[in-house]
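We have chain A already, so just place chain G on it with the hints.
2 protein chains.
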Amino acid sequence: MRKLSVLFILLFSVIVAFAQKEDSAFIKRISDEILMNGKAYENLRHLTKNIGARLAGSQGMVKSEQWGLKIMQESGADKAYMQECMVPHWVRGGEDKAALKKKTAGATEWTSKTLDVVALGNSIGGGKNGISAEVIEVKSFDELEKRKDEVKGKVVFYNYKFNPTFIRTFQAYGDANKYRGQGPSMAAKYGAVGVVVRSMSHSTDNNPHTGSTRYDSAYAKIPAVAIGLQDADWLSTEINAQAETTKPAQLRLELFTNGHFLPDTIGHNIIGELKGAEFPEEIITVGGHLDSWDNCEGAHDDGAGCVQTIEILRAFKAIGYKPKRTIRFVLFANEENGLRGGNKYADEAKAKGEKHIFALESDAGGFTPRGFGMTGTDEQFQKFLSWKPLIAPYGCSEFNRGGGGADIGPLNRAFKTPTAGLNPDSQRYFDVHHARNDVFEAVNKRELDLGAVNMAALIYLVDKYGM
Amino acid sequence: MRKLSVLFILLFSVIVAFAQKEDSAFIKRISDEILMNGKAYENLRHLTKNIGARLAGSQGMVKSEQWGLKIMQESGADKAYMQECMVPHWVRGGEDKAALKKKTAGATEWTSKTLDVVALGNSIGGGKNGISAEVIEVKSFDELEKRKDEVKGKVVFYNYKFNPTFIRTFQAYGDANKYRGQGPSMAAKYGAVGVVVRSMSHSTDNNPHTGSTRYDSAYAKIPAVAIGLQDADWLSTEINAQAETTKPAQLRLELFTNGHFLPDTIGHNIIGELKGAEFPEEIITVGGHLDSWDNCEGAHDDGAGCVQTIEILRAFKAIGYKPKRTIRFVLFANEENGLRGGNKYADEAKAKGEKHIFALESDAGGFTPRGFGMTGTDEQFQKFLSWKPLIAPYGCSEFNRGGGGADIGPLNRAFKTPTAGLNPDSQRYFDVHHARNDVFEAVNKRELDLGAVNMAALIYLVDKYGM
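Same order as they appear, the protein sequences are chains A and G.
To convert, note that position 350 of the first sequence is 350 in our numbering; the numbers rise steadily by one, no gaps.
To convert, note that position 431 of the second sequence is 431 in our numbering; the numbers rise steadily by one, no gaps.
If you're looking for bench data, these hints aren't it; they were derived computationally from the structure.
On a predicted model such as this, the values are computed, not experimentally measured, just so you know.
Watch out, some of these pointers could steer you wrong.
Within a straight-line C-alpha distance of at most 30 Å, the following computed DSS-like cross-link-like pairs (lysine-lysine) qualify [stated by the list, open to error]:
hint: 1; chain 1: A; residue 1: 28; chain 2: G; residue 2: 388
hint: 2; chain 1: G; residue 1: 161; chain 2: A; residue 2: 49
hint: 3; chain 1: G; residue 1: 39; chain 2: A; residue 2: 161
hint: 4; chain 1: G; residue 1: 275; chain 2: G; residue 2: 464
hint: 5; chain 1: A; residue 1: 388; chain 2: G; residue 2: 21
hint: 6; chain 1: A; residue 1: 161; chain 2: G; residue 2: 21
hint: 7; chain 1: G; residue 1: 317; chain 2: A; residue 2: 161
hint: 8; chain 1: G; residue 1: 352; chain 2: G; residue 2: 63
hint: 9; chain 1: A; residue 1: 388; chain 2: G; residue 2: 388
hint: 10; chain 1: A; residue 1: 21; chain 2: G; residue 2: 388
hint: 11; chain 1: A; residue 1: 388; chain 2: G; residue 2: 28
hint: 12; chain 1: A; residue 1: 383; chain 2: G; residue 2: 388
hint: 13; chain 1: G; residue 1: 383; chain 2: A; residue 2: 388
hint: 14; chain 1: A; residue 1: 161; chain 2: G; residue 2: 49
hint: 15; chain 1: G; residue 1: 161; chain 2: A; residue 2: 21
hint: 16; chain 1: G; residue 1: 161; chain 2: A; residue 2: 317
hint: 17; chain 1: G; residue 1: 28; chain 2: A; residue 2: 178
hint: 18; chain 1: G; residue 1: 28; chain 2: A; residue 2: 161
hint: 19; chain 1: G; residue 1: 464; chain 2: G; residue 2: 352
Only chain A is shown next, with the shape it has when bound in the complex (with noise of 0.2 Å):
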């Protein structure tokens, strides 16, 4: 009995070198094709320079869908279509301004600075004659409770810094962004009139970064817009210098934005699949959003995810692998400001009794790989955990618990399907978020086939295996 359990355990030993020794095979045949063959560079290329911007419901969206489906024909999937979704329809309207006027005590004149600004998407315009009121600071909303009397008809300008102290540049935009998404509703609801935000990022430039915020309906929709940091911390010593002196000078913030929403419209996920041989009825989902803000190319955001995605259904086809599972190539709509794409996609996958297996995101910029956040069970994680030796040397190294993206966070709502987002390093990854300065040129060739790699490897290990 005891010999058998040996001879068992020898033999199963055996087996799972094999399927080792298989697998790293494998996994360097499909890193060779990407890093010599790889079009990910280029798909990204003309998807920033030749399409540019694509908010929902603008002409890039439109533009970009069509030219998806067409990649995804193109890249040799077996199926490729449009899932039909409504949009929000959100448009700037014009050109976001803003100066800080300033009265020396005593003087007649008015100076005037012009500040880089940029609205906050879903954000509303303050009409022709935008807003003039002065302006307070606040570093935060425990401060902004302590002077709410101090706050009716003016600016609010939220100077809370984005800190450096934390390691993965996520827990900081974690920690900031609530200044964004609520600062808005929070000053109105105490009579502000219009809201400033510093930037979420710790660029060494000016650029401003913008990013959705939401409305509390139980208050007015005030302008809002974010500030570059440079331009933020020049405010700050304006501000504070006038609390110093014993003569100030009257400060007022001028804004003009424009924003609006039109009726929502038409947008689409654009989805290419690899039918399954062994288990067609379970699919497992890579992908990332199609969909940008309008003041960039958003190559890092996300179009790195998208042409990662595209590339890994290329490299599984040019090296002629056939899939045991079904695998799904998503193009999501609309994860900017409305998720909309997402939801869709969960909704029309719970109406057909669809079996989701697994579903992988990139959304976190197109730098170096690092590692993989997951989500799921413990058993789950554990069979995750397993095939790191294999991945690892293609550069994540880093396997943790908790991870995914906004676009497949519904799927896992809906069926608990485990979820898992690609960790690339994120130093840079807010020097350009939502900013004018995401474009095709801030992404490295390498680095984004590098994504494309590993995260074909973690695909091709869940069709294998299962999950």
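Leaving out everything else, chain G in the frame of chain A:
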């Protein structure tokens, strides 16, 4: 007895846990200091923008040495000094130029296309009239050997590709750089009159990448240049097109380079020291090299390593750290084309009978840190490995065997001093390495700072626990 040993183990565990907590808290303090108040980025701006290129023997070298000494003093070194060494003095001597001249079959006129080239460091120019000769393309030394009878009187074009399938780009560099180092003499052996080497890079641009070559004194010293990747591909296509047609055009490659040596001159290692309180005779060295190639600002190579080194000194002083052992912060002279600084440092250490317990170098760019490579005994490596959990949260999670740096290699050879090298992410390094785009703008502040954080943590642990 049994109870006693249980008690002992418990006590030991408590002590270890306490020490780890203390270390962890200390490393967090260093990290916060560097990420909040770091001066590495502004120091790099000065070194690259106000001083610029600083090849051994140049005015830039002299200026950077003076700056280095001053900054060591300002950053709080107990003692800062210059260590003199003779350095080679190679000069480019003028503008490097190359063109492909072509006369189509039957035509009377020659056409000409300029190629983007840079003479290899230490190479000897072709004189006033330059070189004009037929060109032969080879993909490898094997092919050169097979076609050696065709080489005489020609320019040899080594078109060996930087292998994209290696994940870590230094592997591709190790694989390809023999063509730059030995290529000219290998070609001269068979009578070649000049050499063109494909740049060691997988950038997407056309910048040529220099670096030193080594002539074998048995053969003629022929001119040698590196060529940008796009021009390399174009040149290859032209050559092959002629080989495939029945009416080949005449092709001649023109090369104008002016490199030559002036007499050796005086250079210096710049050394800042913090004296150890408990074991002052035990020396820990941390450094980078101050020299750079003459065609760039040397921001990644190795301005980054220099300002990180200085930053560790600054941060230690800022938080009031008093080391147990003596820590030397060294900016080495002449790494690029002579290694005289590194050799001098080890020679002097030997002459003085110093005890060098550890040396760390940063000379792989100011990119996001990923790990350390370490050269030492098994026991030393295990100790080093035991620190990984303390450092990994700051980015360096890959602790590998084998590593150090060119400048601290002589120390390892002289004393068997264990050495380590910072391994930043390598994907972008060879986009800029030894090329005109190795400039300040290519360095990201946070990536640079985090390199210093991880190095400081390692130096702290070596200082506390020995090696």
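Each hint tested on the structure:
Of the supplied pair hints, the one linking residue 28/A and residue 388/G holds, its CA atoms being roughly 28 Å apart against a limit of 30 Å. The suggested pairing of residue 161/G with residue 49/A holds, with an alpha-carbon distance near 29 Å, which does not exceed 30 Å. Proposed proximity of residue 39/G and residue 161/A is supported: the alpha carbons are some 19 Å apart, at most 30 Å. In summary, the hint linking residue 275/G to residue 464/G is supported, as the alpha carbons are separated by about 14 Å, within the 30 Å threshold.
Simply put, residue 388/A and residue 21/G have alpha-carbon atoms about 28 Å apart, close enough for the 30 Å limit, and the pair holds. Between residue 161/A and residue 21/G the alpha-carbon distance is near 28 Å, which keeps this suggested pair within the 30 Å criterion. At roughly 26 Å between alpha-carbon atoms, residue 317/G and residue 161/A fall within 30 Å of each other, so this suggested pair holds. Note on residue 352/G and residue 63/G: the hinted pairing holds, with a Cα-Cα distance of about 29 Å set against a maximum of 30 Å.
Distance hint between residue 388/A and residue 388/G is fulfilled; the C-alpha atoms sit about 18 Å from each other, no more than 30 Å. Of the supplied pair hints, the one linking residue 21/A and residue 388/G holds, its CA atoms being roughly 28 Å apart against a limit of 30 Å. With a CA separation close to 28 Å, the supplied pair residue 388/A and residue 28/G stays within the 30 Å bound. Of the supplied pair hints, the one linking residue 383/A and residue 388/G holds, its CA atoms being roughly 24 Å apart against a limit of 30 Å.
Of the supplied pair hints, the one linking residue 383/G and residue 388/A holds, its CA atoms being roughly 24 Å apart against a limit of 30 Å. A threshold of 30 Å between alpha carbons decides the hint, and for residue 161/A with residue 49/G the separation of about 29 Å falls inside it, so the pair holds. Between residue 161/G and residue 21/A the CA atoms are separated by roughly 28 Å; this keeps the pair inside 30 Å, and the hint holds. For the hint linking residue 161/G to residue 317/A, the alpha-carbon distance of about 26 Å falls within 30 Å, and the restraint holds.
For the hint linking residue 28/G to residue 178/A, the alpha-carbon distance of about 26 Å falls within 30 Å, and the restraint holds. Note on residue 28/G and residue 161/A: the hinted pairing holds, with a Cα-Cα distance of about 19 Å set against a maximum of 30 Å. The suggested pairing of residue 464/G with residue 352/G holds, with an alpha-carbon distance near 24 Å, which does not exceed 30 Å.
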